[in-house]
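Produce the entire structure from the sequences given, and follow the hints as far as they go.
This is what each chain is made of:
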Amino acid sequence: MTLTLWIVAAVVVVLVLLLWAIGGYNAFVRLRNRFQNAFAQIEVQLRRRFELIPNLVEAAKAYLGHERETLTHVIEARAAAVGASERLAARPGGAAELQGLATQDAALSGALGRLLAVIEAYPDLKADRTIATLTEELTATENKVSFARQAYNDAVLTYNTKVQSFPDNVLAWFFRFDTAPPFATDSPAERAPVRVSFG
Amino acid sequence: MAADPLAAPPAPPASDFFSAQDAARWRARRWLVVFAGCVVAVVGVMVVYVALVSTWVTLAQSRDTLPWEEALLAAPRDLMLGTAVVTLLMVIRGTWTRAQELQHGSDTLALSIGARAVSASGLPPAEKQLRNVVEEMALAAGGLPPALYVLDGERAINAFSGTSAREPFLVVTRGAVDGLQRDELQALVAYGIGQQRNGDATLNLRLVSWLAGLTVITALGRALLRAPAFVLRRGESGESVGDFGKAMLFFSLPIAVAGGVVMLIGAVGGVLARFVRALASRQRIYLADATAVQYTRDPVAVRDLLRRVEAEPDGGTLSAAYAEEFGPMLFVPGVRRLCLRTHPKVRQRIARLEQPVT
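Order-wise, the sequence lines are chains A and B. In terms of the working numbering, the first sequence has 43 at position 43, counting the first letter as 1, and numbering is strictly consecutive. Remember, the working numbering sits 1000 above the position in the second sequence when you count from 1.
What the hints contain is simulated information worked out from the structure, not anything from laboratory work. Hints should not be assumed to be uniformly reliable.
As the list claims (entries may be wrong) - Simulated DEER-style distance windows between Cβ atoms:
{"id": "1", "chain 1": "A", "residue 1": "Y63", "chain 2": "B", "residue 2": "D1152", "range": "27 to 37 angstroms"}
{"id": "2", "chain 1": "B", "residue 1": "L1340", "chain 2": "A", "residue 2": "V29", "range": "41 to 51 angstroms"}
{"id": "3", "chain 1": "A", "residue 1": "A127", "chain 2": "B", "residue 2": "A1311", "range": "19 to 29 angstroms"}
Here a beta-carbon is modelled for each residue, glycine too, at the ideal position from N, C-alpha and C.
Rendered as structure tokens:
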């Protein structure tokens, strides 16, 4: 009698554990896919920015001939960021490569931010229709990159919290789900949002 | 603390908006249960009304010899059951019809109220900026941008979002496109997309449908109330009001009285339903405000936007009739009301935004 009771109890415990493991595994997969999709969005936005920058610089040259240095900075930063992006593409998920891209991306954002500041500094330029369009494009491009990054970091935060919390961390260890790196930026200049006023 | 730009924005409690979505769906279901309670109440009152009328008739027939309890018990069960079933069927049919209309009609709904679709390219600067902002906020929300419309006739600063069978949509007033700074426009768009992500559009569709279902009862009451007028009009149209006509008029009077009562029951049910809708909606507005902060990471912009709307002379009031149905899906109420407001006061929303996160 007591033996049967023990067997039943054991079966129930095993069943509960099994259901928990299945549910937990599926949750990990769902969250991982979510942040991977968010990362794909960052790449899309970065590529879009890479393609847009030469056109923007070309358009700005006509107005900002005397600010050649700022424009050269943007071109150089873009080239470096493209290189970092290609290195990451060659080794997806590499922590060092991701860090490299984040750094170069921040440098590019900084250069573009300076370009915006330069345009801001010339009231005549601000009033120009072409320049206004250019500023809007620059701002939107920068925002898209940073909002895609924000969405990725939000998704990574949720995933990492799940991977690290008890008792889910036991499952994560068993199924080999590792924490994911956030897309962090180090430069303080980059942390400040690029603000453009159209007053 | 304030010196560190990363620590400055008080992130809303739910930085995981996906689980916030799930929670919102659950809450939507809970409000539907309360709404169903309103319907049951209306059906119940109808049955009680029929029982009372039947009691009164029985008492009159027995020339007051019967005690009223017995008269009440003598009320025919079939009649009461029939009343309940017919009322319920009417409400369900009204709800279903409206839900179908809304689901299939919303694609063209934005167009039917005079909104203009914003095309993908060749836009004037202000609309180009709006489109950019919508794409940015969709990225922040981790989804695709909604279909975008502008209401050219509205000078007030407001916006509303919705969803249809085909896709979610966002309608922004001309006043908002022209009158807002870029970061404020961002906050407005983030609010609309946030409402869609929180499942408010679906919730509102359901609530509007149920409200329409309850309105059917009021409409029935109104139709019955017109019975004597109908008989009289038949008389005026040339036929002489003979004995038959007089008899019809005599019988139509109690029908009219019954209609009045039914109309009253329907109206009370409608007010009850609106009350529930207002209570549900106000909490959703706070949630959408918090979601806007989450997407923009810029509580100052959300607050500035609210302050700007508050400072407007007409505070976002819309000139058209659609303001009622989209009530909770607007950024600020489209009509001024004293009670049953769908939105908390702007001042309260600002106060919630400024609350320190513990």
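Between B/L1340 and A/V29, does the beta-carbon spacing fit 41 to 51 angstroms? holds (45 angstroms)
A/Y63 and B/D1152, beta-carbon distance inside 27 to 37 angstroms? holds (33 angstroms)
19 to 29 angstroms was suggested as the range; check whether the CB atoms of A/A127 and B/A1311 agree with it. holds (27 angstroms)
Hint check: no violations occur; every hint is consistent with the structure.
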